[in-house]
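Q: Dock the two chains into a complex; use the hints.
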Amino acid sequence: MFYTQLYSQEKHLSLLNKSTNGTLYLTATHLIFVESSSNNSTSILHHHIASVEKLSLTTTGCPLVIQCRNFRVVHFVVQRERDCHDIYSSLLRLLRPVSYEELYAFSYNPKQNDQQREEGWQLIDLGAEFERMGVPCDQWQLTDVNRDYKVCETYPRDLYVPITASKPIIVGSSKFRSKGRFPVLTYFYQEKKAAVCRCSQPLSGFSARCLEDESLLQAISKANHNSRFVYVMDTRPKLNALANRAAGKGYENEDNYSNIRFQFVGIENIHVMRTSLQKLLEVIGTRSLNMSDYLVGLESSGWLRHIKAVVDAAIFLTKAVTVEGASVLVHCSDGWDRTAQVCSLGALLMDPYYRTMKGFMVLIEKDWISFGHKFADRCDQLDGDPKEVSPIFTQFLECVWQLTEQFPQAFEFSEWFLLQIHEHVHSCQYGNFLGNNQRQREELQLRERTHSLWAFLMSEKQNYLNPFYSPAYSEVHPVLAPSTLPYNFKSVFWRNMYHQFDRSMHPRQSILKAILTLRDNSRNAESTLQALETLQLQLPPATSRLPHSGGTHKPQRSAAAGGGRGGGG
Amino acid sequence: MEFAELIKTPRVDGVVLHRPFMPTVEGTLCLTGHHLILSSRQDNTEELWLLHSNIDSIEKRFVGSLGTIIVKCKDLRVIQLDIPGMEECLNIASSIEALSTLDSVSLMYPFFYRPMFEVIEDGWNSFLPEDAFKDLESMTDEWRLSDVNKDFSVCPSYPPLVAVPKDIDDDTLRKAATFRHSGRFPVLSYYHKKNGMVMMRSGQPLTGTNGRRCKEDEKLINATLRPGKRGYIIDTRTINVAQQAKARGGGFESEANYPQWRRIHKALERSNVLQESLIKLVEACNDQSHSMDRWLSKLEASSWQTHVKEILTTACLAAQCIDREGASVLVHGTEGTDSTLQVTSLAQIILDPACRTIRGFQGLVEREWLQAGHPFQQRCAQSAYSNSKPRQESPVFLLFLDCVWQILRQFPCSFEFSESFLVLLFEHAYASQFGTFLGNSTAERTRLSLPEKTVSLWSWVNRPQELERLTNPLYEANSLVIWPSVAPQSLLLWEGVFLRWNRSSRCLDEAYEEMVHIIEYNKELQNKVNSLRRQLAQLETEDPLLQTP
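Protein chains in written order, with the UniProt record's numbering: chain X, 1 to 569; chain R, 1 to 549.
FYI, nobody ran anything at the bench for these hints, they're computed from the structure.
Where a beta carbon is used, it is the ideal one built from N, C-alpha and C, also for glycine.
Check before you lean on any hint, since a few could be wrong.
Simulated restraints on C-beta separations [unchecked claim]:
| no. | chain 1 | residue 1 | chain 2 | residue 2 | range |
| --- | --- | --- | --- | --- | --- |
| 1 | X | Thr286 | R | Asp135 | 38 to 46 Å |
| 2 | X | Leu211 | R | Thr24 | 49 to 57 Å |
| 3 | R | Gln243 | X | Asp385 | 58 to 66 Å |
Computed list of lysine-lysine pairs in DSSO-like fashion (alpha-carbon distance at most 30 Å, straight line) [as the list claims (entries may be wrong)]:
| no. | chain 1 | residue 1 | chain 2 | residue 2 |
| --- | --- | --- | --- | --- |
| 4 | R | Lys219 | R | Lys194 |
| 5 | R | Lys280 | X | Lys308 |
| 6 | R | Lys280 | R | Lys266 |
| 7 | X | Lys193 | X | Lys179 |
| 8 | X | Lys238 | X | Lys249 |
| 9 | X | Lys513 | R | Lys523 |
| 10 | R | Lys150 | R | Lys193 |
| 11 | X | Lys222 | X | Lys179 |
| 12 | R | Lys298 | X | Lys308 |
| 13 | X | Lys308 | X | Lys358 |
| 14 | X | Lys461 | R | Lys523 |
| 15 | R | Lys193 | R | Lys219 |
| 16 | R | Lys280 | X | Lys279 |
| 17 | X | Lys175 | X | Lys249 |
| 18 | X | Lys222 | X | Lys249 |
| 19 | X | Lys238 | R | Lys298 |
| 20 | R | Lys298 | X | Lys279 |
| 21 | R | Lys266 | R | Lys389 |
| 22 | R | Lys166 | R | Lys229 |
| 23 | R | Lys193 | R | Lys266 |
| 24 | R | Lys298 | R | Lys280 |
Example chain R residues on the side facing chain X (calculated, C-beta under 7 Å, incomplete) [to be verified]:
| no. | residue |
| --- | --- |
| 25 | Met292 |
| 26 | Gln305 |
| 27 | Lys309 |
| 28 | Leu474 |
| 29 | Leu525 |
Here chain R stands alone, though its shape is the one from the complex (with noise of 0.2 Å):
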């Protein structure tokens, strides 16, 4: 098989781990297909292991015949391996290049990762589309269920069956689909239950310089009004970028055409500025160096707060107009698959007390982000530290994940999940031994038969114990719209991302612990007089004699 060709030397003695706020670990290196590790043979201390996919670059460096080599991973992590001996340790080096380069998705540990779990729930069948309709169908029925894009040719990057208004034919579909980007026609993001009001989202209008227009396109999203009402349309682009798209044969809606639809400009950044600015946050957090006045000036500096920032007030825009003004929106940018799916996502957080769970989170996740077409592949494909010129990288889900922290921090009692679930997405989306985040859309994945030949990450998290896990011990279901303050005083950084790895936590964790336990112990004292009381009550109803207080 193929790896054995890119594994130089399997395994070497001897070998010294350093990482962080832990102890060094002195054992064997081993490299397998997809895995570093190293391990020490005893029983109390902790293996390495580390998928060869979670590598974003390395550097080696020699003393005499000493090697070491610094790993550096997707998830932010920084690891240090000395390696006796020259030839070994640049046989190692090259050995992790390649493995951890490797261009065919096929290659991937995903498809060769058995789970040593057992499967009660498949998660490739968890979150499918017709069963999200059915949600709708309660609800209301002026949707309907298209399967236009059946064979995805009408636009690659949509699952075959989009939600779409009950009047409107798979015809008018197909024209409007010509009109949008990628043909990523008008489609249901979210349905507003309170009010009927509905988001929708898409890819940028082909206008181009001569102001085409689309009847179609028009009558698609008219179609999303009440009479006599007006909707917004909110561009992710400021209003210069859209007008240069008009150039490349994209646009905007015109208000000539679109007379019912008053649109919303904001400036939200694009792939290669984002990865960017992720680029230059985690330096500034790796630099232990810096004084205070440095520090805040390079976090400054790297604008990922201002991003942060941004983001949020756009979907809290979008939510206003929804919840407040009661008025339906429609959202895109560009392609309409990154900042388009950031503001629909992070609406829906807001407005929607169902995707503050983890049942519901993860089928936000599904809908707005894997079957709405992020390109995963494309943008995870390297993380903050790679020396390789970024192509089509960035940390747009990351910024996602990072926004609904912030919101998760300021309202800390109505998410049914933890950080630690946003940090799992977060890993798993750059490395992970599943198949969910392979792939750049539902036609990719079909294609790559991800279904039957990989395990859904969605499979393990809905156990049990993993659930448990994931669980936020504060939560107390709200059923209310959550407005989260976006002014930058009330913003901070992800130190659960960002400076994971940079200080210890023991401190922090064993409070949190604590915390816990105070939970804990009031559930079992107050299940306790429950069951006591109606013990007592039986005994009441059996002998009439006996009152309880």
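Just chain X, with the same shape it has in the complex (with noise of 0.2 Å):
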């Protein structure tokens, strides 16, 4: 990777081309270098840190390095040994918090009362998004049955279930999944009243069955009279389901669930993904490869293979609920994971609304942060199990970038606010993403000790606009339909994600900061002409004579060039 920093304690000294001098401070929550010779300063969040590593010493002194959740990599030279080991047994005890208080959420203050934090974290609600789908409905209600988190502690307290299913119906059916994760609805698809539903693997070994699980998955086909039957999706290779027999889970036996149909999508689990992604990084990460090496690197690391595989899953998802009008039940192992991703890709693909910004937060929210996606454990917020860590999150947001990338006109916001979420994933400044359920949430009493991201995101919307965005072209496809040709997947991995601090790759201008700053002068182009319009027409009469700069209203223009730049405001 690049050598971005250089440097020593407080000495001079300069190894590489792109090293600088300067001093190095070690605060309760970030890392700050501050070059000596131009007061510029670079600071690193230590929850942004995941590894440091000490190598051994060398003429000009102890090397550090440093490496980042965000992918950012920076080289520490400091001159004394014995100073270096300080900071780097210092850094070893600060990055690993063990308790939740220790985060940078509570103690992060950005000068805000309680109000303001209050109506922040009330700015999605979960409710009304189902409300927008049109549930509670005459086949979908709302049940209190999860309410004290009883019957299924990783699952919110809300949960949209078919009018049909009766309480012992759900709590049995509990009993049969995995974590007690039972098939509740995530989308409604209100034009053809087809669910996506969403649970956990059922707990069938070879044989075991249960009536109250099948009645269930009876209860959702019956909700939908479009359809007879209801797909269910294992996202799972099938050999891994087959394993997880042995071990009493396992998937549905098509015999005994009358009315489903099955199928298997092959998504690889969290490991595999963990460990894919580590070759990339390698693979790209490396200087002065031949192409060669690039390429057989980038196949063999298997990334773009496990996106495409996400991607074609949600396309299926798509096709099931918005062609044939069939409800679908998505699962994986545990169903925070795959099924996660695949149901929140696939509501992108079908509803126009989640791929505004606002619209994305909620869906963010609901089929991640409220469905238990294991934030803490993903991501490493405390000292954990390394085996759980897995860039699962991270993989849908390179998901979305792609079909960012194939429909630019479709999404409200450009990649800038995606790596922004990705950025504060990581950092643990605010509270939305910390803990592993919404019930460890409510005991941390993050509402009311922490900032939610979303209001910071809002208030900065102007920042991550997509100037291409036209809402009219998602009048006209409302369901888009990416193609997954190996080829279609583009740039081949996603720079400004994974090289986003080593600028010595990219493009060197960008299409998308030339097009921003033009639609700023336009803007501010805007209010001049108003101004001298408004000056014009003060004038005296005498000089009506002179030829009126006709057609200078700006909405006219506006909207014949394309309802698109609307998005703005």
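A: Okay, structure coming up:
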């Protein structure tokens, strides 16, 4: 990777071209480096640091390599080994918090009063979101069965189930599903009354069955008059599902569920994904590679194959719902990784609302946060089991980015929005992503003690707008049908994600930046023009002989140039 | 006329045309001497007009009496024609085969094409060596224009006029020419105004196994060096290949005889290797059944991206020697008509902002490719689908365009032209109604009287409506040297050519239009603000009591 900074503690030395000297400060939350020449400073949140490595002593000092979760890599050279060791051991301690209270979110104070903070948390309301989808309705209702997190502690309190699913059925089904994650509604496609439901794997073993679970699936099927069956998508490779049977888990037997169509999708598990991204980062981080090794490395990392598998699954889901009008039940093992990816990506393809900035926040809040994607474990928020860490959410963001590349006009936000979300999933600066599930978040009183990322992002909306966004486009193409032919996965890897801090391999000029600047210019010109026109009108009548610069009323031209720019404001 | 004999069936009704991402069209198929035409005779459907010379190969299939011809074009498009009647189908197929492989240049379409537009500026006179020299003269007086090759006898592949160091007389040039492959003695390719350094190109020196030397050649290239300065020779071949060339009478400049020059060997691939690479790449792009792994491994196996990287790297090296090291450079490979030109022309794109304008780029293609003797007709006779054994075919020019696209993609605001100009040049190099890319050298073009008998591509391109289509809306003149990244992580497959027919580009096109709208709206606003300001300022001078903000 790029040697972004290289420096000593209050010493002057420079090893490599791109290095600067300066002073390193360690605070309770940040590692701050101040360049001695320019006083420019770089600060790195402790939570962003994934690993610190002390290399062997060189003639110039003791090198310290810091790898960050936002894929930044920095090299320090500290002249005295003892200083280096002190920094190293302090960092090791600092970046392994053992309790949530140590996380930055609990000390971060953006100078807001309680009311503002409270409003920030109210920005996203999932009850309102289900209403937007048209739920509750004559077939689906809100159940209070999980009011106290008794049936499933990793689900939210509010859950939506078919009207015909009684409490005993739900409770019975939950006992037959891993971690009690029984089938519930996550998205309702109003046009065809088709539902997207999610759950975890059934505890079927080799032959076990559960009448309540079968009834619940029956109820899901009955709730949709457009289709006589429900698709059950097991997002795992068949082999993994088979192996689970030996542990008393497994997948639905089509013979026991009269009205299902069962389908494996073949997305790999968290361990495969973790290794895959590591390999990808190794390849794209290697300097002076030849083309052949690079392409072979990309291939063997398997990363793009996995991205394609996730998008393919979302396409399958979308087609089943929007074309066939069938309801779909999605699960994997526990139903919080692959299931979250496929459900949210599918909804993004089906519903233009999720392609707006607010809608995308709602989508993440619903399918990831509330349904218990284990952010704390996957993102390594506390010192935990490294085997639980996996870039599942990062992978989801990349899938979204791939879609924004294929459909440049369909999304209200630009990739910087995705990158900013990724940044803060790891920063632990806001409360949204702390913990593994809603119950834990309530215990931590995050709403009372921390701030919401969504409010912050909304306040900076201008920075994340996609200038090419066209609401009209989504009216014509409400459902997106991406191509997943291998060559349609653009750019080979997501440069701004994985190389955000190493600009040397980026295009030297950015079209997005150029266009955003132009739009700012236009906005300024519009107001100047208005001021000038007002002035012109105020002039004494004698001047009316001057030709009026006709047609300068901005809304006209703006509309003629395609409503696409309306997204701003 | 001969064409009539080749056309066995001039017309078939009820033919169905299939094209990817477009609705099928049923209509009448007509064959003319130069075109395959399919028309539904309805106003709203687009007709297909395909130049026979654009056809790379065809395949026939029969199901009952329904025949199918798959037409594979040099621009990489593949279309399918369903033709009722076996005999008709066979006749059409053999006619197309005959018409698309005509040997005689003078039967080519450009000799028959009459422009449907008004020629404002005759492109054949737009980029004459003497005009280019005038620009050079305004910067330096160290060079002169020699007409030693006026009858093409010294070097058959050079133009009649070439720029050489002022102190070198024509006799020296003649002698140096005998020492260089195909008489391609070192000539000026580029003068770097910023520091007066130059880039020259030539063929390999004919040292042979016994180390022949040529004082005149040494004198010629040393004349380009400032006192006490060293220059660089960039040999586009590996040292091994260059060594082996000695056995065939070729070779390289030895340290002993050229002590003021440092030689650098690079490994740019030659013609048949590149042709193979293109065929493999296009095959990979056309197979829709690939898994991700297979696609990446086929992309790798084609080596196309490797060639792009190597060529760009060598061009950057040449540019670096000139701009950063402040040294003059001589570039050659074997003949000096292929990889040499890739390097010299790309180095100019990097160094010279003028080459990044539409007109400047045309000039570059004229100087460094057409007049420099790149054998277009041989190299572009077949493309990726041809079944016949390649002879001299090689996508040397296409690779150059690909490299330009890579730089354009990295500096999207620094080029006056858009990607479509590069695609257009690719198409016309392989099949065209214009005479520009016919023939292999200026000598051949003169012999064929192309300037008199055909229309130049530049005559067509340099009309306002065409220029507008090719202009990059993001362009802002950038007077700097632009250094592209040549890391494999930074280089992409050129989708605009290789995936052009394999995917729907509608979404991307619409977004592009939206971008153009944003830019035009901005321009319009700025103009209005400016004109209103002017009006008010004028009023102010007329009536001093008024004050504008």
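Q: For each hint, tell me whether it holds in the structure or not.
A: Verification of the supplied hints:
Taken as a hint, the range 38 to 46 Å holds for the pair Thr286 of chain X and Asp135 of chain R, whose Cβ atoms sit roughly 44 Å apart. In this structure the supplied range 49 to 57 Å holds for Leu211 of chain X paired with Thr24 of chain R, their Cβ-Cβ distance being about 53 Å. Between Gln243 of chain R and Asp385 of chain X the C-beta distance comes to about 60 Å, which sits within the given range of 58 to 66 Å. Our distance criterion of 30 Å between C-alpha atoms is met by Lys219 of chain R and Lys194 of chain R, whose separation comes to about 25 Å.
For the given pair, Lys280 of chain R sits about 24 Å from Lys308 of chain X by alpha-carbon distance, which is consistent with the 30 Å threshold. For the proposed pair Lys280 of chain R and Lys266 of chain R, the alpha carbon gap of about 24 Å is at most 30 Å, so the pair holds. Our distance criterion of 30 Å between C-alpha atoms is met by Lys193 of chain X and Lys179 of chain X, whose separation comes to about 29 Å. A distance of roughly 13 Å separates the Cα atoms of Lys238 of chain X and Lys249 of chain X; the hinted pair therefore holds under the 30 Å criterion.
Between Lys513 of chain X and Lys523 of chain R, the direct Cα distance comes to roughly 17 Å. Compliance with the 30 Å bound is thereby established for this hinted pair. For the hint pairing Lys150 of chain R with Lys193 of chain R, the CA-to-CA distance comes to about 28 Å; that is within 30 Å, so the pair holds. Proximity of Lys222 of chain X to Lys179 of chain X is assessed by CA-CA distance (about 26 Å); at most 30 Å being required, the pair is judged to hold. Proposed proximity of Lys298 of chain R and Lys308 of chain X is supported: the alpha carbons are some 17 Å apart, at most 30 Å.
Proximity of Lys308 of chain X to Lys358 of chain X is assessed by CA-CA distance (about 26 Å); at most 30 Å being required, the pair is judged to hold. Pair hint Lys461 of chain X plus Lys523 of chain R holds up; C-alpha atoms about 26 Å apart against a cutoff of 30 Å. Under the criterion of a C-alpha separation no larger than 30 Å, the hint pairing Lys193 of chain R with Lys219 of chain R is consistent with the structure, at around 23 Å. A hinted pair counts as satisfied when its Cα atoms are at most 30 Å apart, and Lys280 of chain R with Lys279 of chain X qualifies at roughly 27 Å.
Note on Lys175 of chain X and Lys249 of chain X: the hinted pairing holds, with a Cα-Cα distance of about 12 Å set against a maximum of 30 Å. Restraint check for Lys222 of chain X and Lys249 of chain X: the C-alpha separation of about 26 Å stays at or below 30 Å, so the hint holds. Between the alpha carbons of Lys238 of chain X and Lys298 of chain R the distance comes to roughly 28 Å, so the proposed pair stays at or under 30 Å and holds. Among the hinted pairs, Lys298 of chain R with Lys279 of chain X is consistent with the structure: their alpha-carbon atoms are about 20 Å apart, no more than 30 Å.
A hinted pair counts as satisfied when its Cα atoms are at most 30 Å apart, and Lys266 of chain R with Lys389 of chain R qualifies at roughly 28 Å. Of the pairs offered as hints, the one joining Lys166 of chain R and Lys229 of chain R holds, with about 18 Å between alpha carbons and a cut-off of 30 Å not exceeded. Proposed proximity of Lys193 of chain R and Lys266 of chain R is supported: the alpha carbons are some 26 Å apart, at most 30 Å. This hinted pair checks out: Lys298 of chain R and Lys280 of chain R have alpha carbons roughly 8 Å apart, not beyond 30 Å.
Proximity of Met292 of chain R to chain X holds as hinted, the smallest CB-CB distance being about 4 Å (cut-off 7 Å). Below 7 Å, beta-carbon pairs count as interface contacts, and Gln305 of chain R has one with chain X at about 5 Å; its hint therefore holds. The criterion of a C-beta within 7 Å of any C-beta in chain X is met by Lys309 of chain R, whose closest approach is roughly 5 Å, and the hint holds. Because the smallest distance between the Cβ of Leu474 of chain R and any Cβ of chain X comes to about 6 Å, under 7 Å, the interface hint for this residue holds.
Taken as an interface hint, Leu525 of chain R checks out: its beta carbon lies about 4 Å from the nearest beta carbon of chain X, inside 7 Å.
Every hint, counting from the list given before, is met by this structure.
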